[in-house]
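Here's the letter readout for the chains.
2 protein chains.
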Amino acid sequence: MKRLINDGYDVVEELLEGYCLAHSDYVELKQDCNRVIVSKKMSSEPRVRIIVGGGSGHEPAFLGYVGKDFADAAAVGNVNTSPSPEYCYAAVKAVDAGKGCLFVYGNYAGDVMNFDMAAELAAEEGIRVETVTTTDDIYSSENVQDRRGVAGNVFVFKVAGSAAAKGYDLDKVKALTQKANANTYSIGVALSSSTLPVTGEPIFEMQDGDMEVGMGIHGEPGIERTKLEKADVVVSQLIDHILADSKLKSGDEIELLINGLGGLALMDQYICYRKAHLLLAEKGIKIYKSLVGNYVTSMDMVGMSISVIKLDQELKQLLDHPCDAPYFKVAY
Amino acid sequence: MKRLINDGYDVVEELLEGYCLAHSDYVELKQDCNRVIVSKKMSSEPRVRIIVGGGSGHEPAFLGYVGKDFADAAAVGNVNTSPSPEYCYAAVKAVDAGKGCLFVYGNYAGDVMNFDMAAELAAEEGIRVETVTTTDDIYSSENVQDRRGVAGNVFVFKVAGSAAAKGYDLDKVKALTQKANANTYSIGVALSSSTLPVTGEPIFEMQDGDMEVGMGIHGEPGIERTKLEKADVVVSQLIDHILADSKLKSGDEIELLINGLGGLALMDQYICYRKAHLLLAEKGIKIYKSLVGNYVTSMDMVGMSISVIKLDQELKQLLDHPCDAPYFKVAY
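Protein chains in written order, with UniProt numbering: chain Z, 1 to 332; chain E, 1 to 332.
One or more hints might be untrue.
For chains that are exact copies, the list does not tell them apart, and a pair is met inside one copy or across any two.
Stated by the list, open to error - List of simulated lysine-lysine pairs, DSS-like, C-alpha gap at most 27 Å:
id, residue 1, residue 2
1, Lys172, Lys93
2, Lys247, Lys283
3, Lys41, Lys68
4, Lys30, Lys286
5, Lys68, Lys227
6, Lys247, Lys230
7, Lys99, Lys249
8, Lys230, Lys93
9, Lys227, Lys41
10, Lys40, Lys286
Keep in mind that the hints were calculated from the coordinates and are not lab data.
Using the sequences plus the hints, can you model the full thing?
Below, the structure is given as structure tokens:
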């Protein structure tokens, strides 16, 4: 095992305690609920509140996106496990300002069940909560609504946070967030499993020198296990999948994210970025802005994913709206 | 090998091309010298220019710290290899504005030789170049002036960039940068070697489940190879070394950096941060601000380092001065 942890059962509490100590100017744990991270930079205006969340092990997702004019709270589950309905509900109670809340999280069965129960609990108290589940992982299903959410989350969260920051009502914030999700496409490749803290073992075995295109961020199976190819070959495969699924064409404008899964050298991420950029530019696709780095990880998994969001003027303005969270800053 | 690269001999050129494409609003490659990254956000006022640099494989160092009111250029060497004197000199020629330049880089024999030669070449043209070599790695030598520079570089670079941004002259910028370096203490622990791109092999063998306290960012030997301990035990050892060397005492104020070496999960970095914070707080040391993440890496090495900079009012103001580089932002 190459993890630097204490008891594997304590990782989430210690992560959250450490995170809130390190970023005490941005966030705090909700009183009486140590699995809800709340922004200290929440607007004093009553606005729609954005609540993100999911299992731990994807840091800086989801807690790293709680801050000013971005997400207002995150509900945090155990490693690769949904937060309980109580946590999701506690997040609503912590931040609701009478304008309703939007849950934005990855489309996984456990998360859907728990966040939905929390929304019902809130409704019983007269708090309106709407939901957008992210479905950007193009390999995870042929049916878009059945797809999982992966690193493209970041674009969707950003649009939700900006829409709320602009003071839009809940229906409009939800519609814009749905639009962002519908325009976002991701696919990943893994070179190794992550290591589970409790067992100290990988989730699955993977030979050194193998790779698996299409694998999910919890180790969900990909297309096939093959020998590791050169970066340019792998990136070309991923871009081909994205182009086929997204129907992006010459003249379209996108934002591009190369996301490290936790254990991949940043050098490699930029080498992958280079090829993705060149391939898209060859097709006449305009790259408006780019993100490179570890945005949604799988702990120590070696691998990366490529995400694109197809832009129009409305989405560009929302993505460019100022915000200030520990892991996402757009200058004011 | 768990690297996603093309030909191992091409990694630096492809990294730089990818980096400049991804961050084209911040930086560009110097014309006619594809190993010098120059800020596009350099002040139009003639100020002292800050030039950082060193071998590749430490991304986001050094190029990630080139931006507005931070470093003005980076000279980039091959993996774990100093940039040539020509590159260092080209960086001076690219940015000097008549107020002189400050080289700030880690104290390694190859870097010292090459940057010094470049400073001599510049002097022959009447351009004054001064140098501060960083020496924060407390385990690397008993003699402070012989120590290597590691992740504490970030604090030193930041102070240099802020001092130049304030319009101070070269003597004052140098003196403040020296002061920052003298107040900075780092020590690391490795759980694995990095993988060299050209060979696809680790620099040294390390058994799974072993660790080495004191190891340098190029794999320089540490204190001893031992069985991996729990995070809290490892962090306590590192903090003990820092306290013994720095003579920090109750009432002192610091900024604290937990730096991931490239392959360590961010979850683990926050678990380590938690313990470091608690141990320092127990000693009555005040933590003014904190940084957690991959700031100076060793490609895919699994491990982390702890750095502290002892603060006074002057250093606090310099560390808090606004700047905007892809990997370091302080709000304006």
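task: Evaluate Lys30 and Lys286 at a C-alpha cut-off of 27 Å and name the case that applies: within, between, both or neither.
output: between (42 Å within a copy, 24 Å between copies)
message: At most 27 Å between alpha carbons: which applies to Lys99 and Lys249, within, between, both or neither?
response: Result: close neither inside a copy nor across copies, 39 Å intra and 49 Å inter.
- request: Please work out whether the CA atoms of Lys247 and Lys230 approach to 27 Å or closer within one copy, between two copies, in both situations, or in neither?
  value: For Lys247 and Lys230, only the intra-copy Cα distance (26 Å) is at most 27 Å; the inter-copy one is 49 Å.
- prompt: Within a copy, between copies, both or neither: where do Lys68 and Lys227 come within 27 Å Cα-Cα?
  reply: Neither: 44 Å inside a copy, 43 Å across copies.
message: When Cα atoms must be at most 27 Å apart, do Lys230 and Lys93 count as within-copy, between-copy, both, or neither?
response: neither (49 Å within a copy, 36 Å between copies)
message: Reference check for the pair Lys40 and Lys286, CA-CA at most 27 Å: within, between, both, or neither?
response: Answer is between: at 21 Å across copies they meet the 27 Å cutoff, but 37 Å inside does not.
- request: Go through the copies and call it for Lys247 and Lys283: within, between, both or neither, with a Cα cutoff of 27 Å.
  value: Only inside one copy: Lys247 and Lys283 sit 12 Å apart there, 59 Å across copies, limit 27 Å.
field: Homomeric proximity label, Lys227 with Lys41: Cα distance no greater than 27 Å
entry: Neither. Shortest intra-copy (47 Å) and inter-copy (43 Å) distances fail the 27 Å Cα cut-off.
task: Could you figure out if Lys41 and Lys68 sit no more than 27 Å apart (CA to CA) within one copy, between two copies, both or neither?
output: both (5 Å within a copy, 26 Å between copies)
message: Within a copy, between copies, both or neither: which one fits Lys172 and Lys93 at a CA-CA cutoff of 27 Å?
response: Result: close within a single copy only, 22 Å intra versus 53 Å inter.
The structure is inconsistent with the numbered hints 5, 7, 8 and 9, although it conforms to all the rest.
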